[in-house]
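J.: Please build the complex by placing chain B on the supplied structure of chain A, with the hints as guidance.
Number of protein chains: 2
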Amino acid sequence: MSEGGGRNTIGILGGGQLGRMLALAAHDLGLHTRCFDESADAVAGHVTQLHIDSFDHPARLDAFLDGLTAVTYEFENVPVALAQRISERIPCFPPPAALDAAQDRVTEKTLFRSLGIPTAGFAPVDTLAQLKAAVAAQGLPAVLKTRRLGYDGKGQYVLRDESDTAKAWGALGATDSSAPGGVGAEGAAPARAANLILEQFVPFTRELSIIAVRSEAGEVRTWPLIENTHSQGILRTSIAPAPNAPAAITEQATGAVRAVMNHLNYVGVLAIEFFQLGDTLVANEMAPRVHNSGHWTIDGSITSQFENHIRAVAGLPLGDCSMRDAAPSASSAMLNIIGRMPPRERLLAAARGRAKLHDYGKEPRPGRKLAHISVNAPSLRDLNIAIGELRAILG
Amino acid sequence: MSEGGGRNTIGILGGGQLGRMLALAAHDLGLHTRCFDESADAVAGHVTQLHIDSFDHPARLDAFLDGLTAVTYEFENVPVALAQRISERIPCFPPPAALDAAQDRVTEKTLFRSLGIPTAGFAPVDTLAQLKAAVAAQGLPAVLKTRRLGYDGKGQYVLRDESDTAKAWGALGATDSSAPGGVGAEGAAPARAANLILEQFVPFTRELSIIAVRSEAGEVRTWPLIENTHSQGILRTSIAPAPNAPAAITEQATGAVRAVMNHLNYVGVLAIEFFQLGDTLVANEMAPRVHNSGHWTIDGSITSQFENHIRAVAGLPLGDCSMRDAAPSASSAMLNIIGRMPPRERLLAAARGRAKLHDYGKEPRPGRKLAHISVNAPSLRDLNIAIGELRAILG
Numbered sequence: 001m002s003e004g005g006g007r008n009t010i011g012i013l014g015g016g017q018l019g020r021m022l023a024l025a026a027h028d029l030g031l032h033t034r035c036f037d038e039s040a041d042a043v044a045g046h047v048t049q050l051h052i053d054s055f056d057h058p059a060r061l062d063a064f065l066d067g068l069t070a071v072t073y074e075f076e077n078v079p080v081a082l083a084q085r086i087s088e089r090i091p092c093f094p095p096p097a098a099l100d101a102a103q104d105r106v107t108e109k110t111l112f113r114s115l116g117i118p119t120a121g122f123a124p125v126d127t128l129a130q131l132k133a134a135v136a137a138q139g140l141p142a143v144l145k146t147r148r149l150g151y152d153g154k155g156q157y158v159l160r161d162e163s164d165t166a167k168a169w170g171a172l173g174a175t176d177s178s179a180p181g182g183v184g185a186e187g188a189a190p191a192r193a194a195n196l197i198l199e200q201f202v203p204f205t206r207e208l209s210i211i212a213v214r215s216e217a218g219e220v221r222t223w224p225l226i227e228n229t230h231s232q233g234i235l236r237t238s239i240a241p242a243p244n245a246p247a248a249i250t251e252q253a254t255g256a257v258r259a260v261m262n263h264l265n266y267v268g269v270l271a272i273e274f275f276q277l278g279d280t281l282v283a284n285e286m287a288p289r290v291h292n293s294g295h296w297t298i299d300g301s302i303t304s305q306f307e308n309h310i311r312a313v314a315g316l317p318l319g320d321c322s323m324r325d326a327a328p329s330a331s332s333a334m335l336n337i338i339g340r341m342p343p344r345e346r347l348l349a350a351a352r353g354r355a356k357l358h359d360y361g362k363e364p365r366p367g368r369k370l371a372h373i374s375v376n377a378p379s380l381r382d383l384n385i386a387i388g389e390l391r392a393i394l395g
Numbered sequence: 001m002s003e004g005g006g007r008n009t010i011g012i013l014g015g016g017q018l019g020r021m022l023a024l025a026a027h028d029l030g031l032h033t034r035c036f037d038e039s040a041d042a043v044a045g046h047v048t049q050l051h052i053d054s055f056d057h058p059a060r061l062d063a064f065l066d067g068l069t070a071v072t073y074e075f076e077n078v079p080v081a082l083a084q085r086i087s088e089r090i091p092c093f094p095p096p097a098a099l100d101a102a103q104d105r106v107t108e109k110t111l112f113r114s115l116g117i118p119t120a121g122f123a124p125v126d127t128l129a130q131l132k133a134a135v136a137a138q139g140l141p142a143v144l145k146t147r148r149l150g151y152d153g154k155g156q157y158v159l160r161d162e163s164d165t166a167k168a169w170g171a172l173g174a175t176d177s178s179a180p181g182g183v184g185a186e187g188a189a190p191a192r193a194a195n196l197i198l199e200q201f202v203p204f205t206r207e208l209s210i211i212a213v214r215s216e217a218g219e220v221r222t223w224p225l226i227e228n229t230h231s232q233g234i235l236r237t238s239i240a241p242a243p244n245a246p247a248a249i250t251e252q253a254t255g256a257v258r259a260v261m262n263h264l265n266y267v268g269v270l271a272i273e274f275f276q277l278g279d280t281l282v283a284n285e286m287a288p289r290v291h292n293s294g295h296w297t298i299d300g301s302i303t304s305q306f307e308n309h310i311r312a313v314a315g316l317p318l319g320d321c322s323m324r325d326a327a328p329s330a331s332s333a334m335l336n337i338i339g340r341m342p343p344r345e346r347l348l349a350a351a352r353g354r355a356k357l358h359d360y361g362k363e364p365r366p367g368r369k370l371a372h373i374s375v376n377a378p379s380l381r382d383l384n385i386a387i388g389e390l391r392a393i394l395g
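Going down the list, the sequences are from chains A and B.
The first sequence begins at 1 in the numbering used here and counts up by one.
The second sequence begins at 1 in the numbering used here and counts up by one.
Hints are supplied without guarantee of correctness; some may be wrong.
[Claimed, not checked] Simulated coverage check for chain B against chain A, where a stretch passes if three residues somewhere in it have a Cβ under 8 Å from a Cβ of chain A:
| # | region |
| --- | --- |
| 1 | 41 to 48 |
| 2 | 66 to 74 |
| 3 | 86 to 98 |
| 4 | 343 to 354 |
| 5 | 371 to 384 |
Keep in mind that the hints were calculated from the coordinates and are not lab data.
These numbers were taken from a predicted model, which means no experiment stands behind them.
Glycine included, each C-beta is placed from N, C-alpha and C at the ideal position.
Bound conformation, chain A alone (with noise of 0.2 Å):
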């Protein structure tokens, strides 16, 4: 296994469903792969090697890289020095800075813009007496976010007139947990920065993500353009390529993630989300890894977002991001398995046994991502009839 040389063992940090979906790809390339996770249930530790410690003692993570040829990651959360140490000693992708450009919405949005990316309206928020500046200025409504660590919909309030304010402090801005009721002093700085953000509302048609892989040469390969549909503030369903996006918007699209990617020197999977608003698209957040709107890559491209993360993470050329399914009309779908898993038996049985079952053989647990389901059909409307059979069954 040690021919052709390049990078033969990948550390990834986290061992959830990403990590143990990178870890299936990596095998079939010849590559042994070691997931570093704190909990010992990791369901990638079904796959391959599982190191379980804890990320608060950097020291024993030597114990985890010793080996290692590179390290990458499966969630965004990783600390930036952490990651920086690492990429001392071994090669690190994506590159640390991705890491710190995407843990904070300031920064992030910051960043789109300095690229002539568009993006809502917005303002960084630490003190009740910003967050009434920023309502008067950027008007209602609007949504008060946490900077860093929101997922899923979590950390957010949703403004919609001048009563809201009080309120959205009083849930997101109560930073110091000594004050009654929790909501800092109008005008004093609370001890603690509240690190929120308010951003403009966008009225958007739809949701989009675009997913690319960056070599370290500097290639990049771009999937379709894909639909996205959240409910709760979790993905339920992607579909791919987007129905009816003009090409002006996906242009917009590719355009955008290639100019994300090369500004940051990156190398691996990056997606970006947007809000589609007619014929422009407003970037909202970025993700650098594998994400939840790719999953569909792998039974609906040819390489899937996880194989070609792990080739560029290893230095080996990447692969081809079409449909596997060559007709114009060809389109795929992924729905998410959240929190129960349905009869094993109906989802298989489904679209004449044409779906894709990809179970990450975790325990049951409300608003949980069990696994996915996936399914190609020659047009779309063929597509919408068993993505309709698969949610009776998803209920």
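T.: Just chain B now, with coordinates in the frame of chain A:
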């Protein structure tokens, strides 16, 4: 993972590349696997639990069986008695009767003929006198083979004229190692029956195979007919659908595999290899397991042979066996990588990054199957260009 009932933990006898690919397919279905192998280097151990022990201690097999809900195997030389013992405790598929039929070339051809499936002329040969009589009755050329345990062209001797008779007997008939030169006395039975078969040589135009899967309920699904090219007795290339195959040929193959499966009350994947002579097929042999000529199904068909074998063994609904690309001219090819791994970089860059590598993680050794690479194309012409490019890299 325990929801939906059924058989959730599957034992696989053998942990080579077939066991490995079965385990990889099972992961996505949310099933657990455990492979049994005599070697600690068995490559399924990279991707699933590996139980190392010897088949010579059936009592110790109990530790392997503990907690399993079904058992299958990756090689057809599993002792029939062992499979029968297992099937008294745990569902064991394919059924032991299929092993029994496939392990002996005389039994196998007798079964084919009893079901109306044409075979080459054949005669069991235990003595030199029987060999001479068979040569006289059938004519030459013919092939003398061991009835059991032959694979990849081993245990075969081609007789072109009468003078080859003694040589062939010397090569394969020498079962009594105390006899000088190893040749049994003419007319007298040797100490142990030689257990050979003389098969009429078939002047075939090409080799084809059909692969099908059958569920416990008796549903049969068949992949497209496959064209195979061997060299030095080892499969080199498979192409599906077999180019320019008349409908009558495909129907013969499909009818044959269905007849054998129904006769054996078969569960799982079965492969039958044929010789084509003009518009007729002659069955050569069958394999009661996933088959090298079906490796293209991982990337070329909607459900791979590995996934459908696991589905059948686990009692789950069968998946669609159609090509992934719905275009009528879509084709798929698989090339074995034997003995030496070419540079991974060249393989992955070939065919504009469209080729799919499946590296088994083995140490290179002459004649050893180390990996396969497959490629799909919208037409046979495009496929042949990609095959040419890959062959140039394989050397």
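J.: Are the hints correct? Go through all of them and say.
T.: Taking the hints in turn, this is what the structure says about them:
1. 41 to 48: With 3 residues closer than 8 Å to chain A, the region 41 to 48 of chain B meets the three-residue bar; holds.
2. 66 to 74: violated (count 0)
3. 86 to 98: violated (count 0)
4. 343 to 354: Holds: 8 residues of the region 343 to 354 of chain B have a Cβ under 8 Å from chain A.
5. 371 to 384: Satisfied; 3 residues make the cut.
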